[in-house]
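S.K.: Each protein sequence line maps, in turn, to chains A and B.
Heads up, the first sequence is in my numbering, so the first residue is 1 and it goes up one at a time.
Heads up, the second sequence is in my numbering, so the first residue is 1 and it goes up one at a time.
Watch out, some of these pointers could steer you wrong.
Stated by the list, open to error - DSS-like, lysine-lysine: derived pairs with alpha carbons at most 25 Å apart: (1) Lys-269(A) - Lys-375(A); (2) Lys-108(B) - Lys-157(A); (3) Lys-179(A) - Lys-402(A); (4) Lys-97(B) - Lys-157(A); (5) Lys-405(A) - Lys-140(A); (6) Lys-156(A) - Lys-108(B); (7) Lys-135(A) - Lys-80(B); (8) Lys-156(A) - Lys-97(B); (9) Lys-6(A) - Lys-80(B); (10) Lys-97(B) - Lys-230(A); (11) Lys-67(B) - Lys-80(B); (12) Lys-226(A) - Lys-97(B); (13) Lys-559(A) - Lys-612(A); (14) Lys-620(A) - Lys-539(A).
Simulated from the structure, these hints should not be mistaken for lab results.
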Amino acid sequence: MGNFPKGGYLGRLLRVDLNMGSVSEDTLNINFLNQYLGGTGLGIRILWEENIPKVDPYSPENTLIFLTGPLTGTLVPGSGTYTVMTRNTLTGLVVSSQANGYFGARLKYAGYDGIIINGCSEKPVYINIENGNVKIEDAKELVGRDTFTTEEILKKKYGESGFDHHISVSTIGPAGEQKVRFASIVSDRGHVAASGGVGAVMGSKNLKAIVVHGNFGVPLDSNNIKNFWKCIYRWREESRSSAMGKTVDQYGSLGFFTPYYSRGWVPIKNLTTNIFNREKYFDGVYVRNRLHLKQPKSCHSCTFHHCHIVKVVQGKFKGMVGEEPEYEILAGFGPNWGNGEPGAVTMLNDLNDRLGMDGKEVSFLISMLMEGYEKGFINKRYLDGIDLMWGNIEGIQTLLKKISKREGIGNLLAEGVMRVAQELGPEFLKMAVYVKRGNAPHIHDLRTRWGTLFTQAISNTGSQEGIDMTSRAMPELGIEKPTSEPDEYLAEVQTKTGPARQFAECLGFCYYQTPTWRTMFDTVNTLTGSEIDLNEALKIGYRVINLLRMFNKREGLEKEDDSFSFRIGEAPINGPSYGKTMLQSFEKIRNIYYRMMGWDDNGFPTRETLEKLDLIFTLKE
Amino acid sequence: MTKQLSIRAERCIGCRSCELACSLKNEGILNPSKSRINVITFFDGRYNLPFNIPFTCRQCKDALCLKVCSVNAIFQDNNKTIRVMEEECIGCGRCVKVCPFGAMFFDKDKKKAFKCELCGGRPACVEICPVGVILFKEMKRFISKETVLLIEGYSILSNLKRKVLERKNG
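Take these sequences, add in the hints, and give me the full structure.
M.R.: Below is the structure:
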């Protein structure tokens with residue numbers, strides 16, 4: 001790989017030290033690129049170098065990284081993605097959180113492949129990056145503002161007002177400023193890097209926002225343009241014709257609601273039941289065509305009719321304008337809160353995005369309180385006078401605002417599902433839904449969706465590490481049949497899909513736009529001049545997982561952390577997947593998985609594994 | 001009747017693939033600020049919801065850019081396409097300011113104006129558009145009389161006080 005990289009990278013990283021208020025420029029390390037490509041992989045490699053072990057996530061020494069991948073900002077569909085990496089405020093382990101929209105692409109156009117932020121500013125600031133020029137500015141006027149207003153103010157300041165045009169802003173809301181443990185980073189009006197409290201880390205650094213705009217282009221190999229066109233057309237065709245692509249193109253991720261409901265994967269009332277009587281009002285076709293008046297607002301180079309800005313035209317919340325909710329939010333803010341009014345979901349989603357909090361954590365936190373309230377473990381007085389019955393929209397609204405300001409009961413609730421449950425007592429620990437040392441999982445009824453459950457439980461970043469194969473197969477990766485039962489086969493599937501997905505996370509495109517693997521490799525190769533095939537790709541992904549694992553080991557990860565909470569282990573009491581659970585077989589599958597990954601009995605890479613992957617440096621510390 | 005770009009903005013999803021495709025085809029780079037088409041999402045305004053409009057050259061019959069050019073660097077070719085002669089252009093920027101659609105662009109590096117010249121008959125934006133917003137078809141030629149320009153929507157850009165000649169990426 002003599003001339004690697006020929007394209008795809010600008011080759012520059014921005015380094016910001018908020019203690020001193022100074023900025024400097026780093027070049028991208030070519031060896032790192034060869035081994036990790038970008039995104040999550042490059043992020044964890046940089047984080048490994050950057051950080052002193054066992055730093056508190058909230059301390060100034062914790063590093064916050066924004067990174068793009070080689071495909072970001074190109075014609076690859078959904079290539080506005082960026083990755084945020086830092087320590088997870090909920091678990092203390094590493095977190096890698098992705099958001100789409102335009103920010104990633106425009107970060108490259110502004111002149112940088114990524115931003116490394118260290119230290120903590122004395123007063124609130126924001127960073128303005130224009131054409132490689134970086135200024136740290138006073139954010140006095142932005143303090144306390146919600147994410148959308150902050151974005152509007154900054155867009156007006158630096159661009160032409162009222163347009164989404166050439167400027168992207170990535171910002172935290174009031175929740176991030178108050179260091180709510182599950183605060184998120186929001187960019188481009190509702191594209192959220194939600195997982196793991198990345199917003200809280202940004203808030204702890206007194207950094208309110210990052211503005212990116214500029215005229216740089218993404219370099220590409222000028223001798224290879226013809227092939228690049230071919231790859232792009234192939235990619236755009238394939239991602240639209242996959243089963244997932246077809247659904248998302250037509251109805252967005254809302255299209256998954258009805259199929260998931262019929263399998264018992266929709267979380268209802270904090271996983272206490274699997275029957276919901278208003279499911280037809282949450283069907284993708286209904287929400288898309290009847291509930292909302294819609295206007296598309298897609299991400300960078302996206303080919304789907306996916307993201308929309310909508311106005312509710314049915315029901316109690318008529319006239320409400322907001323982002324069209326994704327499936328997970330629709331399920332989490334709807335059935336999971338006993339709320340049968342889909343219009344309310346649009347409203348609450350808008351509120352939650354503005355406050356800047358992680359929908360996953362919020363969803364399972366409030367549903368847990370609702371269950372506890374119904375069962376009489378907490379009363380109205382404890383909740384500052386909020387009557388938190390199932391589906392009480394006004395109550396939820398007040399509670400969300402209280403959490404974001406850490407006001408009254410909100411101060412406790414801002415600590416996240418697991419910590420709140422620990423504080424409130426053993427009954428709540430039985431109700432709490434979390435995986436992995438206190439990370440809320442993706443908003444599904446995970447109990448019978450074992451593919452997702454397993455990959456979340458053993459994941460290193462708190463999110464899904466592999467690809468859920470509960471209902472499909474992927475012959476390209478050697479997965480001939482779906483994992484329809486919670487048995488040892490799950491371990492094999494995870495070993496195969498984990499590295500593949502982590503490789504894709506390094507490239508910087510939207511997961512919904514996944515093409516065939518061959519097209520993915522061809523595109524990366526023509527763009528960057530690399531020579532990646534399936535083996536090499538899986539090796540890169542495998543290396544990323546192992547490095548993530550070693551990082552977490554350094555942070556104090558234990559075998560017991562690869563697990564899930566009591567509630568997720570219970571079997572559904574009704575519905576299509578009645579009586580099934582993964583609880584009994586989980587430990588066995590986990591041990592087989594460790595062995596297949598080349599790890600020891602405690603779930604950490606052996607010396608031979610690390611040697612094979614050039615990760616031996618992780619043992620020196 | 002000539003073959004021109006017909007834009008059905010109401011279908012646009014705002015993905016800006018056309019911008020990148022344009023710059024890649026015409027300049028061989030992935031850089032939207034070098035593209036001849038420009039998608040804008042309007043947020044403020046009298047409408048309920050934001051909307052996307054791709055702006056590009058309409059190849060006007062009475063092209064203002066052609067009229068204001070003091071060195072005759074802009075001309076109409078046999079296919080009725082308005083084109084810029086790069087070697088003649090002195091980079092004064094008058095055509096950029098006068099275009100009501102914001103479809104005349106300014107290259108900061110070369111100090112020249114540039115615009116859509118329909119990719120010599122196979123427009124890249126038409127081929128890449130995932131939702132069929134941009135079509136290349138036989139149409140009556142567009143007349144940009146000022147009365148027409150006052151029609152709502154088209155006047156938005158001309159009323160905009162542009163701070164700089166050059167646009168930014170994305």
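S.K.: Against this structure, judge whether each hint is valid.
M.R.: Now for the hints, and whether the structure bears them out:
A C-alpha spacing of about 13 Å is found between Lys-269(A) and Lys-375(A), which places the hinted pair at or below 25 Å, so the restraint holds. For a cut-off of 25 Å, the pair hint linking Lys-108(B) to Lys-157(A) stands: about 23 Å separates their Cα positions. Between Lys-179(A) and Lys-402(A) the CA atoms are separated by roughly 13 Å; this keeps the pair inside 25 Å, and the hint holds. Distance check on the hinted pair: Lys-97(B) and Lys-157(A) sit about 22 Å apart at the alpha-carbon level, within 25 Å; holds.
Of the pairs offered as hints, the one joining Lys-405(A) and Lys-140(A) holds, with about 18 Å between alpha carbons and a cut-off of 25 Å not exceeded. Our distance criterion of 25 Å between C-alpha atoms is met by Lys-156(A) and Lys-108(B), whose separation comes to about 23 Å. For a cut-off of 25 Å, the pair hint linking Lys-135(A) to Lys-80(B) is broken: about 47 Å separates their Cα positions. Restraint check for Lys-156(A) and Lys-97(B): the C-alpha separation of about 21 Å stays at or below 25 Å, so the hint holds.
Distance hint between Lys-6(A) and Lys-80(B) is unfulfilled; the C-alpha atoms sit about 39 Å from each other, more than 25 Å. Of the pairs offered as hints, the one joining Lys-97(B) and Lys-230(A) is violated, with about 37 Å between alpha carbons and a cut-off of 25 Å exceeded. Pair hint Lys-67(B) plus Lys-80(B) holds up; C-alpha atoms about 15 Å apart against a cutoff of 25 Å. For the hint linking Lys-226(A) to Lys-97(B), the alpha-carbon distance of about 35 Å lies beyond 25 Å, and the restraint is violated.
Among the hinted pairs, Lys-559(A) with Lys-612(A) is consistent with the structure: their alpha-carbon atoms are about 23 Å apart, no more than 25 Å. Only pairs whose Cα atoms come within 25 Å are accepted, and Lys-620(A) paired with Lys-539(A) is accepted, the gap being roughly 22 Å.
The earlier numbered hints that this structure contradicts are 7, 9, 10, 12.
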